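Now for the letters of each chain:
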Amino acid sequence: MRPTSGSVRIRGLDPVSEHRSALVNVGYSPELPNIQTFLTPKELLALTAEELIIPKSEVSREIKATLEIVGLTEYTNVRVSKLSKGMVQRLSIAQALIGSPDLLVMDEPMIGLDPAGAAHFRDVFRRIAKERGGTIFLSSHIMSEVESLCTSVCMIHRGRMLFNGSIEETIGNVLGSTFLIVEADPVENCLNSIRTIPGVEEIRKENDRTLELKVKPGKDVRPDIAEAVIRSGAKLFSLNYSEDLLERTYLEALKKGTNF
Amino acid sequence: MIFTFFRYEVKRSIARRKIIVLAFFTLLIGTVPYIGLANLHHALSLIPTSDYPYLWVAGVFLPQGLFIQFTAILIAAGAMSEEYEQGTAELLLSKPVTKAEYFLGKFFGGYSLIAFIILLNMVLGVVSATITFGQQASLSVLPGVFLAQAYAALLFFTVAFMIGELIRRSSLSYIFSAALFFTSTIFGLYLTVIYTLTGDVFYKHIQLYIPSSPIASLPLLYVNGSLPSGVASLLSSIEGLAGGSVESSIPFSILLISIYFAAAFIVAFVFFELSDVSRKVS
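In the order they appear, the protein sequences are chains A and B.
Following the numbering used here, the residues of the first sequence are numbered contiguously, the last one being 1233.
Following the numbering used here, the residues of the second sequence are numbered contiguously, the last one being 419.
Careful: at least some of the hints might be erroneous.
[What the hints assert, rightly or not] The calculated lysine-lysine pairs, modelled on DSS-like cross-linking and capped at a C-alpha distance of 27 Å, are:
no. : chain 1 : residue 1 : chain 2 : residue 2
1   : A       : K1037     : B       : K148
2   : A       : K1189     : A       : K1208
3   : B       : K155      : A       : K1029
[As the list claims (entries may be wrong)] Quick look at which bits of chain A chain B covers, simulated, 3 or more residues with Cβ under 8 Å:
no. : segment
4   : 985-994
5   : 1020-1034
6   : 1117-1130
Calculated from the structure, these hints are not laboratory results.
Predicted model only: the values in this text are computed from it and were never measured.
We treat Cβ as the ideally placed atom computed from N, Cα and C, and that holds for glycine.
Could you build all of it, start to finish, from the sequences and the hints given here?
Structure follows, in C-alpha cells:
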C-alpha cells in the first residue's frame, strides 16, 4: 500500500521503493487471515519459504519447527479449508514466523484464538522478543492484551496519533495518576491509614471488600499500603495495579483530544 | 521467484477445478465428433474417402474459434481478481518479492494452462481421428499449428487478465471479457455478411482489425498450403463460423495479436504496479 503522506523506514529502507530489501526478515500476519484454502499448512509454509529464499536444505526443518511453535503439527497435511478459524489464525502467525524474522508485524493476532491459544501466543511473542531481541509490532483493540505484552504503545484515533511512548510514561502523562486495586476484609478498618500514605490521592470504595486507589505515578506505594492494611487488623487478599489502565488512558486521551 | 508464482498459479487453477472441467470438455470435444461421424453412415458418405487422412483438422480446429478462447478467458479473468476478492494477494506480496515477479508468474502460470488445454485438444483430436478413420496425414504441421493456436489464444487471455486486474471482481471480469469476445466474434460475422452482400472492401478492412479476426486466421493461414483443397474449404467454413478472416496474412495476424497483447499487458502491469493491493470484498 502506498502512503498518502509521511514515510516509513525499516532499517533505514523504504518499503515502497526498496520493497525486497526492506522486507527481508520481516514477518507479517494480517488481521483477516486470508489464506489460500486449497493449500495445506505445509504447502503454505513451503511457498512462504520459497518467497523468503530459505535454502532448500533448511525448508523441511523450518516448516516442522514453525508448525510446532504454533501447535499445528497434527494438521501439517490438512487443507486450510478444513481447519477451524483458530487454526487458520495460528497458521497465519506461522507464515509470519517462518525464517525467524527479527521484525514481526502482527495485526490482531489473537482474534479467533481460544483462551489457551491466546495465552500460548503471548508466551511465544514474549519468547521471540527476548530470545531474538527483535521487535514485534502488535496492532490490537484489546487494551489488556497490549498492556500485558507491550513495552511501548502508540494509540491512533481516526488516523491521528494520540500518544506514543512507554506504557508507564503514557499512563502517567495522560492520566496523571495510576490506580491500585486493594482487596481486604474488613475494608473499613484500613481506610483512614491508607488515606495518610504519601502519594495516595483518592480512595474509592468499589464494594464491601474492594478499594480503588488513585496514586501518584513514579513511587511504588504498594508496600506501604500492604503494611497499612495489615496493621489495621484487616486481611489482605490482593493488591494490584488496575488492569484497565491503558483503556482509561485511551478514553482520557480521547476526551482531552490532544496529543501526548 | 517468477517460477514460484508460476507453479502457485497452476496449482490454484487446478484447485478451483475449472481446469479439470475444461479438460473434461476438451476430451468430449476431441472425441465425440469422431465417434458420432463413425456411427452416422449417411454423414460419413458425404466425406470423400480421400479426405479421411485429414480429418484430424476437425478435432484440432473446431474448438479453436470459440472453446479455446472462452477457456482462455475463464482462466485469465480470475487469475488476479480472485486473489483480491479472497484477500490472498496481500499475504503473498507481504514477503520480499516484487510485484513484477508476482504478476509475471501468475500471467505465465495461467497461460501455460491454456497451452496445455490446446495441446490436450490436439492430441485427443489426432488420436480420435486415427482410431475412427485410420492413419492420418500431414501431421508434421501440428507443432506449428500448436504454436499458432497458443499464440492466438494469447490475445483474449491477456485482455481477460487485464480486465480482471482493472475490475478486481471475478464474476464481472468473466462477464466483461466474455462479452468482449462474443461481441467481436458476432461483429466479425456481420461484417463478413455485409461485405459478401455489398462487396464494399471497407467492411472487410474493419473486420481484419477486430480482435477475433487474427486469432481465427493465424492457425488456418499456417496450414492452408499443407492440406488438400476440400479439407482447406472445410476449414474455411469453420473459420467463417468463428467470425474471423482468412483474407489476411501470417505476419499481419501475428502483428495484430502482438499489438493487442502488448497493449493489454502493459495496461494491466502498470495498473497493478501503481495501485494498492488491498482486500476487495465481493
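Item to check | Hint check against the structure, violated hint numbers in rising order | outcome: Numbers 3, 6 - these are the hints that the structure violates, sorted from lowest upward.
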